[in-house]
Amino acid sequence: MLKFLLKRILAAIPVLLLVILITFLLIRIAPGGPFDRERQASPEVIENLNKRYNLDDPVYVQFFNYLGNLVQGDFGPSFKYPNRSVTEIISNGIPITAELGLYALMVAIGIGVVSGVIAALRPNTAQDYIPMSMSMIGICLPAFVLGPILVLIFGIYLGWLPVSGWGYQAYDKVLPSLTLGAAYAAYMARLTRGGMLEVLSQDYIRTAIAKGLPKWKVVLHHALRGGLAPVITFAGPAAAGLLSGSFVVESIFQIPGMGQFYLQAAFNRDYTMILGTTIFFASLIVIFNLLADVLLVWLNPRLRHSTLKN
Amino acid sequence: MKIKLLRLILPLVCITAFGCGQKTETNVEKGYKTKTLYIANGSEPEFLDPHTSTGSPENNIQLAMFEGLTMKDHKTLKPTPGVAKSWDISEDRTFYTFHLRDNAKWSNGDPVTAQDFVNSWQRILTPSISGDYAYMLFVIKNAEKFYRSEIADFSEVGIKAVDEHTLTVQLNNPTPYFLQLLDHHSFYPVNKKVIEQHGDFYDPLNPWTRPENIVSNGAFKMEVWDVNRAIELVRNEYYWGQDRIHLNRLVFYPIEDKLAEERAFRSGQIHLTFTPQMATEKIAVYREKNPEALHIQPAYSTYYYMFNTTKKPFDDARVRQALAYAVDRKTLVEKVTKGGEVPSYSLIPMDPEGYSPKTLFSDDIEKAKALLAEAGYPNGEGFPTVEILYNNDEVHKKVALTLQQMWKNALNINVQLFNQEWKVYLSSRKNKTYDIARAGWIADYLDPSNFLEIFFSFSENNHTGWENAEYDQILRDAQSATTDAARFELFERANQILFEEMPLLPLFYYSDVNLVNPTVKNWHDNVMHYHRVQDVDFTVPASE
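Protein chains in written order, with the working numbering: chain A, 1 to 310; chain B, 1001 to 1544.
Chain B with its partners taken away, still in its complex shape (with noise of 0.2 Å):
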């Protein structure tokens, strides 16, 4: 018995025996060799359709794989030629035509022509294909009338393929953000020769994006997916850009656990992080030792919470503003949330480049106990006991601990905290059976547009039961303005409804905070946390 046991020990014994005293080679340092880059990327991704596909691991792989009628400049934001090498608006900025490369072309050779556009966007449109951000499109004219089955014949949508390589695209309204969302994944082409070689084209099981199906028109490619182990990209050798690209292999490592991923960034498993957030409590330690590896950047993304708005007591504005300003936001981001957080004022975070709202409020106690007692609750007095719903997580519980004390003491209101799972929390807030609840937005796209729109009365995402109709209609202008100043305005209008009635509590704004190696080039932090890897590339240390 013993013998059979020592028979199987002995093997582990050798393996850490012979493991021992010597360094193995990281992966960081065969990168450089290689060309290879190692990221970690969050959450395993579930399927790469970019029409069907939502969350930001599957983004940032696509965005690699992928590429639109235009991209984006990593330091401005600005639209830069993608498949499209140059494109005319009309006067009124309704109408575009777009002149596609001739040299675009997808991974298996097939050239990237005007209709793979058309095709790409009636498939997204078309409601059985179930993409989540179908509505992306509806800025395009017709486009909401086709999803909706209102009409039937896809040609009477503004979308046209007038040879292989013009493009033409009518819009309901001058949209200043329009190039900007050609880059979003939800207008990616996609080959249908290809998907139809496995499916219906319309079908979203169509197994048409594992690895040995499928065929994309980015700079790179799948070679490699490995579920919940690695997904490979390597150079796509039909890419146009071919001097653009310096890298030849991508490595994504699906890690969840935001501490093994600090700590394979640690051992030099990874170049870098890259899903908006590493594990806050190593951002002091990175602040001290490493500062170069540390990348903070505020985002363009808003932190808030929402009043169950048809319920008492927060059927009162005046109470929920009451609420809104007795929170004390720098002590909550510098002392509780610490993850490089900006106190927030409204709802719309702030664009150096563009529109930044302004600040119509302060932390102000006293206005806070002065509001509140105007609503017949004078020091709290009367005011009932409400919750505060979040989803589990640490840091939202941290914050909801926090206004919980800083209410009592402030407003001498009792608030208790009441934490669900994610999916429950998500069926609260939709039945409205919450009285406040935390809520979160990172944007799509780079335009207020994107977070005031949440709050229009018929929106999907808006469960407050607050509803404006001069809000609507001020929306509704800003989408037909044709110059900036006039959307600004109308969108600082807005900002004021907003303040005035708090249907929500702005908190802060997020940042991205990851950990990259300092001998990553062409990293260049932005607003909307928008990275082509394509561009990057090593300086490798000097010992190499």
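Bound conformation, chain A alone (with noise of 0.2 Å):
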């Protein structure tokens, strides 16, 4: 298991360095530069800048520069806001964007997997067809529709629930959670209602409810675990998503997580905010991939034989 472990995370190191010199080439390539404003700055201005960022080095300089700072932890200064760095701005923003994923992947397992299960026990009937048709309802509605509507409902009609913040009022973390959540429950449901209907038909099933087990206990302790592996595989992905893919849900509800500040990294031809955001998501994408891969091993026996055996 260990090796399996080390070799999945040397794998790793040449596709983050790919990332960073890919990354580091495009947004040079990319026209218009971080000084760049409507109203122009003297020539003056703009070389002063450049000199006090290094940007009047050569290029190969720059990048063997950047990953020197990297590896000793130092993302740099951020450009469109010099007075805090990269690392400082991840590191206020990944807990929050942390905290909203988690609750947004509790909802869309909680949610997700329920209805998929209830879905399951009674195929083709009203039982399987009105949680299936919510489900596809969730994952066509996206998020900047989804979120304005519940805002809509519960903030301004009902006036149950804040509209927006983080952490500021009671209550004001449930409309982001359920907003973002609400896509990947839908897929959720969906994908535990095609393992459990495959379980379900199986062999060992049919046995236990032979046996004479009630028929809550088979489902929980028998068929739910295999008929969740396909859930498994989906949630490391949909981990990564739910933090990378966090930013609609977070300007619709004025959440000061990551996902702002990637977006407008970008936009902002703010280098090495880009930079730093990118391996961060990225680290963060191969660390839940392989996560899924790990739980997976754990969870389906013949999985299990197979990789320790190689």
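These are calculated hints, taken from the structure and not from any lab test.
Treat each hint with caution, since some may be false.
[To be verified] Here are the simulated DSBU-like cross-link-like pairs (lysine-lysine), alpha carbons at most 35 Å apart as the crow flies:
#1 A:51 <-> B:1192
#2 B:1145 <-> A:51
#3 A:51 <-> B:1160
#4 B:1141 <-> A:51
[To be verified] For the chain A half of the interface with chain B, some residues (derived, Cβ under 7 Å), not all of them:
#5 32
#6 36
#7 40
#8 48
#9 82
#10 92
#11 156
#12 163
#13 164
#14 252
#15 254
All values derive from a computational prediction rather than experimental measurement.
From the three backbone atoms N, C-alpha and C, an ideal C-beta is built for every residue, glycine too.
Put the two chains together into one complex, using the hints given.
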């Protein structure tokens, strides 16, 4: 197992290096620079700024300097927010984005798995159609539609929940978590239903029922473990997606997470910030995919056997 | 497995259930009790150093935190005393003597002295600080030379601290708007002693504006700066005009999304929106349902298209004029932009208290056709397909689409639309790789020269390739003119040249459209969108 882990981690390093190199080059090729503004700054100002941020060095020197600093954990100063380092901005934003992502994942798994199981128990009846059509709506409704609708209903008409913020007022975390989690809940529901249907028709389930076990026990103890495999495969990328894809929800609800910085950095040509956030999110995706693989191996005896043998 | 899942879901269910059924107290209601004003302030401020900042969210906050030698009256925009309690102006109007208040203090208790202003103005004029607005100080004698490193000795620049409370300023020319400039953030004082505790006085990356470090001299001082969450200012107990301040706390929320901003207003999370334009699609709703909250004020700013005059067919002034005549501006502002804009026929906006340009042309399709025929394209024949360049934005797109159609109908010419992401658009403009480009200008100070000087032949903001020696000379004459009458006459001549040559095509004047809770008192609309929050108070509703 350790060898398997180590191999996967080592394989991630060239991936990340390539991500850094491509990002670094792409943002230099993009027209416009970090100091371009509508009111054109004088050449003196631009020259000074370039010098201050070491942009007057050749690009390869800049690249290796950047890598050198990166190894020491320094992402450099932000161009857009000169008083803050990229490291600081990321470390301020990440706990918030992570918390939002975690709640959204809970929403997704909670709602998704429960409704998927319910649907799978009586396929092709109303008990199946209702949650599944709801989930179809969930998949189709993007966050920027669902968010404002939830705000209108619960925030403005009913006045029960705050319409924006994150931890400033009681219950202001509810609507963003629901909004972000909804689409994933819908996917989870469909995956759970499929996985459960497959497992429920297997021999060992029939054996369990024949043994006289109550149905709930069969479902919870025997079927779920196998039925959730597709959900877990999906949970890894979903977790990474929830973290890196939260910027829409963050801007609807004014949440001071990472998502907004990620998006804005590209528009602002904030070189260090683009690199910092890209590296961060790329690492996240690598890590979550790895975690999902490990979890899957652990849950599935057949896979565990073949992986460890190799 | 199920039990574990339940344990995860349960807290969320509980939160939702508890949250239901009770209305929570809104910020607006809380604000009346604690005298706190909640403000939506656009994007997250980049940094709050008054010498390097550029944007309006930064400016809104700095206006509450810093104070220049003068302030402006909310309603008339006339200069009123700030740190300077009075001033004398020489006969030729180029020499100013300012008398500073004895009781003006920094938020750490230090007195504000004349030397603070000398230090601060030297700081913004030092090239290494890279202040975009350093040019605002070029009206001062030798300031530009110092900035361009032509002189090294700052004592040659026309700023002197005569004693602790007396400051003299020597200008190049009589500059009627000089007192107004003193309230611009580029002229604000900063505390050298404090800045030097955190690094070099002339380093733009000096972290002195972080909330734990910053010292300012205005009515409010910073208490909290949570990036992307809120900036909170509290009353500066050392401020000289304690009796002028009514509020205890200002909370600025960075809300970039206009629709989110409107929702925050509607649900009572904010008292007002500070950035100049609210979500335009919501204006009609407020007009009908909540007109007391809707503030519409024509602004001192212009939306225009500029021509690349170095390229065919726009190297011919008649073509440029033809396109200007062929726009139906009334339809454009009433049916397309719908944000309270006003049709414009000049680069210079209207100023009811000062100079307003004459209207030299109108929307006239026949005239447009004649001009185009005269230029060699009768009924649009032989006219090349040209492009309108604009940056990604719904409004810009709608305007461009409308003009495309209007020109097709009126002149039978083909125009294509070309949108670019902001920074790409800026670089295309700078490199003149465009035919027609959308542009806009929001005044830094209330004077026509701020607009006209964009088209100086050497201006860094003139991306049209258009140059005119007579125009340059007129603007220089205006700089040294001593009376308003003489200046206004010169402005009118410059306006005339811009019409004849038409390097830019004026479309409309922006309006500032804001949402302000009717309980907010002393919030006066004006053409400069100038709001000193320290004068603001609440008229608390009777039920409170």
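Each hint, compared with the structure:
In summary, the hint linking residue 51 of chain A to residue 1192 of chain B is supported, as the alpha carbons are separated by about 24 Å, within the 35 Å threshold. A distance of roughly 22 Å separates the Cα atoms of residue 1145 of chain B and residue 51 of chain A; the hinted pair therefore holds under the 35 Å criterion. Proximity of residue 51 of chain A to residue 1160 of chain B is assessed by CA-CA distance (about 32 Å); at most 35 Å being required, the pair is judged to hold. Only pairs whose Cα atoms come within 35 Å are accepted, and residue 1141 of chain B paired with residue 51 of chain A is accepted, the gap being roughly 29 Å.
For residue 32 of chain A, the interface hint holds, since its Cβ comes within 7 Å of a Cβ in chain B; the closest pair sits about 3 Å apart. Among the interface hints, the one on residue 36 of chain A holds; its C-beta lies about 4 Å from the nearest C-beta in chain B, closer than the 7 Å criterion. The closest approach between the C-beta of residue 40 of chain A and any C-beta of chain B is roughly 4 Å, which is under the 7 Å cut-off, so the hint is satisfied. At a threshold of 7 Å, the smallest CB-CB gap from residue 48 of chain A to chain B is about 5 Å, leaving the interface hint in force.
A least Cβ separation of about 5 Å between residue 82 of chain A and chain B falls short of the 7 Å threshold, and the interface hint therefore holds. The criterion of a C-beta within 7 Å of any C-beta in chain B is met by residue 92 of chain A, whose closest approach is roughly 6 Å, and the hint holds. At a threshold of 7 Å, the smallest CB-CB gap from residue 156 of chain A to chain B is about 5 Å, leaving the interface hint in force. The closest approach between the C-beta of residue 163 of chain A and any C-beta of chain B is roughly 4 Å, which is under the 7 Å cut-off, so the hint is satisfied.
Interface hint status for residue 164 of chain A: upheld, as the beta-carbon distance to the closest one in chain B is roughly 6 Å, under 7 Å. With a cut of 7 Å, the hint placing residue 252 of chain A at the interface with chain B holds, because the nearest CB-to-CB distance is about 6 Å. With a least beta-carbon distance of about 6 Å to chain B, the hint placing residue 254 of chain A at the interface is held under the 7 Å criterion.
In terms of the numbered hints stated before, the structure departs from none.
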